[in-house]
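Protein chains: 2
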Amino acid sequence: MYITQHTDYALRALIYLGTNDDRLVTIQEIAERFDVSRNHLMKVVNALIRAGFVEGVRGKGGGLRLARAPREIGVGDVLRQMEPGMDLVECFADGCQCILDPSCRLKVALSDALAAFLKVLDGKTLADLLGKSEHAILKFHPLPG
Amino acid sequence: MYITQHTDYALRALIYLGTNDDRLVTIQEIAERFDVSRNHLMKVVNALIRAGFVEGVRGKGGGLRLARAPREIGVGDVLRQMEPGMDLVECFADGCQCILDPSCRLKVALSDALAAFLKVLDGKTLADLLGKSEHAILKFHPLPG
Numbered sequence: 001m002y003i004t005q006h007t008d009y010a011l012r013a014l015i016y017l018g019t020n021d022d023r024l025v026t027i028q029e030i031a032e033r034f035d036v037s038r039n040h041l042m043k044v045v046n047a048l049i050r051a052g053f054v055e056g057v058r059g060k061g062g063g064l065r066l067a068r069a070p071r072e073i074g075v076g077d078v079l080r081q082m083e084p085g086m087d088l089v090e091c092f093a094d095g096c097q098c099i100l101d102p103s104c105r106l107k108v109a110l111s112d113a114l115a116a117f118l119k120v121l122d123g124k125t126l127a128d129l130l131g132k133s134e135h136a137i138l139k140f141h142p143l144p145g
Numbered sequence: 001m002y003i004t005q006h007t008d009y010a011l012r013a014l015i016y017l018g019t020n021d022d023r024l025v026t027i028q029e030i031a032e033r034f035d036v037s038r039n040h041l042m043k044v045v046n047a048l049i050r051a052g053f054v055e056g057v058r059g060k061g062g063g064l065r066l067a068r069a070p071r072e073i074g075v076g077d078v079l080r081q082m083e084p085g086m087d088l089v090e091c092f093a094d095g096c097q098c099i100l101d102p103s104c105r106l107k108v109a110l111s112d113a114l115a116a117f118l119k120v121l122d123g124k125t126l127a128d129l130l131g132k133s134e135h136a137i138l139k140f141h142p143l144p145g
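Protein sequences, first through last, are from chains Z and D.
Here the first sequence stands for residues 1 to 145, numbered as in our numbering.
Here the second sequence stands for residues 1 to 145, numbered as in our numbering.
Just chain Z, with the same shape it has in the complex (with noise of 0.2 Å):
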């Protein structure tokens, strides 16, 4: 069972620019600390800004920060703003061409779990995901140069 690495990263990126809030990160930075290719995190920063979780300052200077108060950022809602699908397996998508799909109990089993799934994450707040991590990003070594 997977989560996209699109958003693993836009999770991490979030977490980051949550620790590092007195300041304008850059996307360099971001992906000189997670150790992540400039090129895919621009993606994902391009689809954070796009989806209101984070904005962009221009210019010499400029950065990113976040949009909104970590508080007013929902987990669940990250989520599914990034992942590119929420379909579980392929009976989800529309175009299903599988002969049990006129009935199936699956999809309703796996449909109920992931309303689970999710419930659990629309508890939880970027705020939530932040505090002890305060402490990690306190031992992370210098960037050389």
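No lab work stands behind these hints, which were simulated from the structure alone.
It cannot be assumed that every hint is accurate.
Same chains, same label: a pair holds when it works inside one copy or across any pair of copies.
Said to hold, decoys possible - Simulated crosslink set (EDC-like; lysine to aspartate or glutamate; CA at most 20 Å straight-line):
no., residue 1, residue 2
1, K43, E55
2, K60, E29
3, K107, D77
4, K107, E55
Since the structure of chain Z is already known, use the hints to place chain D on it.
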């Protein structure tokens, strides 16, 4: 968010076997019914046999059948046995290098959500997934030839 195709096919194969419980079913038949590759399905069926959900009867007229009553096959259990990993994101796996890892609350939130997901499926057995799908089976078009 995805469940692997491997698990998707495993669940469908179990539903098919549970619905056709009055006879032995061949891999060929399931592959044709669901329009999936016989080779792929063979791997799925072997995994179902290894996990003790399905048994194979060799020889002429042989085929597959459920190894246990449908009410004794938990859907959550099938998922746990069939999914190659329950590592929702990179940091669930061993050897994670994420800088947030030592005190990341995201991991805890996702673990809680996954537990809620599986709890719903632990409350269902294959017997719960059958029932109505018997009607769907009745509506199947006969295979050519």
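Given a CA cutoff of 20 Å, do K60 and E29 count as a within-copy pair, a between-copy pair, both, or neither? within (15 Å within a copy, 65 Å between copies)
Status of E55 relative to K107 across identical chains (alpha carbons, at most 20 Å): Close neither inside one copy (38 Å) nor across copies (25 Å); limit 20 Å.
Cα distance capped at 20 Å. Does K107 pair with D77 within a copy, between copies, both, or neither? Classified as between: cross-chain Cα gap 17 Å, same-chain 22 Å, threshold 20 Å.
When no copy is named, should K43 and E55 be tagged within, between, both, or neither for a Cα gap of at most 20 Å? within (14 Å within a copy, 47 Å between copies)
Violated hint for the displayed structure: number 4, the only one.
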